[in-house]
Amino acid sequence: MTAEIVHPGFEPVREELMRMVEADPHYSAQFCAYADGVPVVDIWGGSEIDGESIQGVFSATKGISAISLALLLERGALDLEAPVTRYWPAFAQAGKADITVRVALSHQAGLIGIDDPLTFERLTDHDAFAGALAAQSPFWQPGAAHGYHALTIGTMIDELVRRIDGRSVADFYAQEIATPLGIDFFITTPDAQEDRVVDVLPAKTVTGTDAATEAIDDERSLMAVAFSGSGWDPFDPPLPNRRAVRAAGLAAVGGVGSARGLARAYAACVSEVDETSRILSPATVAEMSRLQTTGSDLVLGFPTRFAIVFQVPDERLAYGSWRAFGHDGAGGAIGVADPEYGLAYGYIPRRMSTPGGADPRGLALARTLRRCVEAGRR
Amino acid sequence: MTAEIVHPGFEPVREELMRMVEADPHYSAQFCAYADGVPVVDIWGGSEIDGESIQGVFSATKGISAISLALLLERGALDLEAPVTRYWPAFAQAGKADITVRVALSHQAGLIGIDDPLTFERLTDHDAFAGALAAQSPFWQPGAAHGYHALTIGTMIDELVRRIDGRSVADFYAQEIATPLGIDFFITTPDAQEDRVVDVLPAKTVTGTDAATEAIDDERSLMAVAFSGSGWDPFDPPLPNRRAVRAAGLAAVGGVGSARGLARAYAACVSEVDETSRILSPATVAEMSRLQTTGSDLVLGFPTRFAIVFQVPDERLAYGSWRAFGHDGAGGAIGVADPEYGLAYGYIPRRMSTPGGADPRGLALARTLRRCVEAGRR
Amino acid sequence: MTAEIVHPGFEPVREELMRMVEADPHYSAQFCAYADGVPVVDIWGGSEIDGESIQGVFSATKGISAISLALLLERGALDLEAPVTRYWPAFAQAGKADITVRVALSHQAGLIGIDDPLTFERLTDHDAFAGALAAQSPFWQPGAAHGYHALTIGTMIDELVRRIDGRSVADFYAQEIATPLGIDFFITTPDAQEDRVVDVLPAKTVTGTDAATEAIDDERSLMAVAFSGSGWDPFDPPLPNRRAVRAAGLAAVGGVGSARGLARAYAACVSEVDETSRILSPATVAEMSRLQTTGSDLVLGFPTRFAIVFQVPDERLAYGSWRAFGHDGAGGAIGVADPEYGLAYGYIPRRMSTPGGADPRGLALARTLRRCVEAGRR
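Protein chains in written order, with the working numbering: chain F, 1 to 378; chain U, 1 to 378; chain X, 1 to 378.
In isolation and in its complexed conformation, chain F is listed as follows (with noise of 0.2 Å):
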């Protein structure tokens, strides 16, 4: 059994999620943070999860496979200006040679989905799902505006991968980042993992005011396009919830791991940690988590911020300062580094929140977090 962590300076952090818990007896979260690359708080609460239980985060995967672009970054492997037909030449059809990775990876090239049906077997296909990307036509004018791409950007970013390194980004990720740094999260779920798997539970709100499935529902949006499959629902069962989807590396969504190695994964990127040089430069860091795009997403009708993959924090996303970056998930999941604090912190919701993405619960422990960190420096 894992024990607790709770440095000296970081009790307001434990208490606060305890009121959390006394106060809604549905809730159940881990937290976890590292400053400068140790870490200083792990914990848990709730009836429903401990400290060893793995879940899917949904999106919060998206900063994962995010961290292992950077490293191909890193090793010069990646140019961000070049056109993305410079590594994946079938990119090309349907007027997109001109796309440059910085574009694409930004949520701004508008292949937020394919024109035909989007069953769950091309859902965990890789080759067919990438091919029907290179073949599709944009759904608005490539840089003209930006929408969340929540499912393509996963194979976008996997095929980037595989056409530069030969591996998938799941199988790169888990030998150059997640093996050797002790990384309690995969985007592919090995075998041996399955048993510390629980499932992501449905949100309590059963009447439901669910903004975003209602507006998936609503008519046939660009949000449709986004988050609809044919023959399946992203959130009945919960992707994740599916072995079939933990299996297949999906780089957007299929991530399962712990707040613990969410937290790991971020403070491998910007601190030492067991003595293990970071794996990122702040040059690396830098270019990977510069605001790419602003304004309101085509997708998701309100205000996002997109660096490289990387959401940068706005007024919903309050991550830290204006130089942290991470990402959430539809389940509430959160993973995140900011430099300016030395802080990654990754938090895991074991049931859904409404309507999903960040839950602000965890937005609040992190809040707490860096006022504990600056009482400390005082």
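Because the hints were derived from the structure by calculation, they are not lab data.
Among the hints, a few may not be true.
[Claimed, not checked] For each label pair, taking beta carbons as the anchor points, the in silico distance ranges come out as:
1. H26(X) - R19(U): 57 to 63 Å
2. P303(U) - A244(X): 17 to 23 Å
3. P303(U) - E4(F): 47 to 53 Å
[Stated by the list, open to error] Coverage of chain X stretches by chain F, computed from C-beta distances (three or more under 8 Å per stretch; other residues unrestricted):
4. 8 to 14
5. 82 to 92
6. 338 to 346
All C-beta atoms, glycine included, are put in the ideal place defined by N, C-alpha and C.
Here the structure of chain F is known, so what remains is to put chains U and X in place on it, guided by the hints.
Same frame as chain F, but now just chains U and X:
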């Protein structure tokens, strides 16, 4: 006399129109829809309109002019990536040499008016208006923002068609599209059609909180530049009520027709109509209807979304699926095609609505229309 | 002693100022306006100001610095399309080689601060601050968004002027513009003017919900980067109350003058003043005042619109016609030219307003001014 059409399964559309007519004694309108190239609804209601009348539709004309441009694109005669000057050398004046057709036709060029007074004579004299536009300095940095080119986009369209084809857009449209397909809509109203024309009636709310009109009066704003004339008012009398306007071939605001004509023109873009092949390939439709701009409109002051000339759906203009494209007019008229549903529809209210633009009642009828299509597919 | 000026027809402006003074015992302000190059209003009111005093205007200084840049543009010495590095080679560091003067001067470069602490010594040491900026990595992708470069845009302006002309912008302005035209405004305050300087008074609301100040304290945001110093506060004491600031020639925030000076400087841009030719051609004015950015400001968090350095009107900054351009300051000061009305005006309140930026009372006086001009033309 034309008979009404209500195909089985589309009765809810007629019922809704009848409820609207009963609820408002000042309301009269035509609504017509094609499904997969077949007219499934062709109805009218209210005491001030019938199935034979045609009337001015203000900016809904732009959609018809855009269809004409699309035919040139289909034929390879127009390149959206070319600078406007390839076709129209004089356009290079005042630093405009690099503006592409794409930018010019998506309301991004900043050419919303002319410095000299836009007299009625100049408005209706194509060469004079085009010459002034060619010489005009942009009202904002081209490409840096977008704003509704309420009048000038018609002159730009017309000049491009003239330079490419030799004919005016009104003649090109009449000879290449309207006459062969039997479309009851005219950019230049022929004398023989004049006895069918009914006046656009003014809005009923005489105390008026017409936002558009107020904004035009307010200071010397970009809205005033885009909408105001010198010595004439676009709404008093309504521009297309003037025979000189109807005769001038104004590609932005001069068109006259029936809802039946609007629906048929859009249907021909996306479906075979009466065993005549669709006039535009899916690739051309995609290119013309692809979103180019989003965000706050510098002229209108609220968010708008434009493709190439066409409007695409946003929260205000709930035209249908993400693939829908069309244009509304200040009087409330709407013309739309929606390839996702296989639909095209036209709507013309007799009386101007306040504050202008797509009449919410027309949008509601179109929504009901989509529900009927969906019900039929189940 | 200077006498007040109120030309016939402009009495309503003076009456409005008097009403404002009567309504608020803590209110004192200067207002001056030129119409077609002639001073038509030169007034002041309240117990804490007179017609002789000069005071700091914070960012309204930026407008005066922009006028200096415009004169270099007029003379062909500055090319907005050139990369900044043409003039300032060291600027190429950290991936900034391609940033154009246009992007850099319209708040799009993402250079809102420096990584090293911005001590007061560095703020007032041009070469040190410019060197740090040249080395600085952008805070967002250059050109992808805009945000207020509150302090740094002054250093960029100053360095460009120094590289092009050899003199600092303060000296260039003093020798080329202020002295020949007799403009009562100084980027560097001469010793001989020091006895005329009055302090900017703090805002009266001590309980304070000053949004700007709160946002600066909130986390480590882009606003904090743009506005905060290390060891000094921009508003406590107000920066230009410090003689070291007034002596430093800070092109962003260090200027000192009277409303009369602001009005005259802007008047000289658009009109012949005292039989001296206007200093800028209409083409230069158009180029400098053409809108370059719109949408939400990454630093301020609300929509802003910038031309080349100058602000252009939006809902908050109702400066006048679409052609108006100018700049406000945190203390409430405003300087504007409006070629459409033939107007230029300056406004300086003695006491800082909350939440800062153009004092609504100054905007109201300018609105009345425009109404007077319009009445006179009828």
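Checked hints:
1. Restraint check, H26(X) to R19(U): a C-beta distance of roughly 59 Å satisfies the suggested window 57 to 63 Å.
2. Checked against the hint of 17 to 23 Å, the C-beta distance between P303(U) and A244(X) comes to roughly 46 Å, which is inconsistent with it.
3. For the pair P303(U) and E4(F), the supplied restraint of 47 to 53 Å holds, since their beta-carbon distance comes to about 48 Å.
4. Beta-carbon proximity to chain F at under 8 Å applies to 0 residues in the stretch 8 to 14 of chain X; the threshold of 3 is not reached and the given coverage is violated.
5. Coverage of the stretch 82 to 92 of chain X by chain F is violated in this model, with 0 residues showing a Cβ closer than 8 Å to a Cβ of that chain against a need of three.
6. For the stretch 338 to 346 of chain X, the stated coverage by chain F is violated: 0 residues have a C-beta nearer than 8 Å to a C-beta of that chain, whereas at least 3 were required.
Against the hints set out earlier in the document, violations occur for numbers 2, 4, 5, 6.
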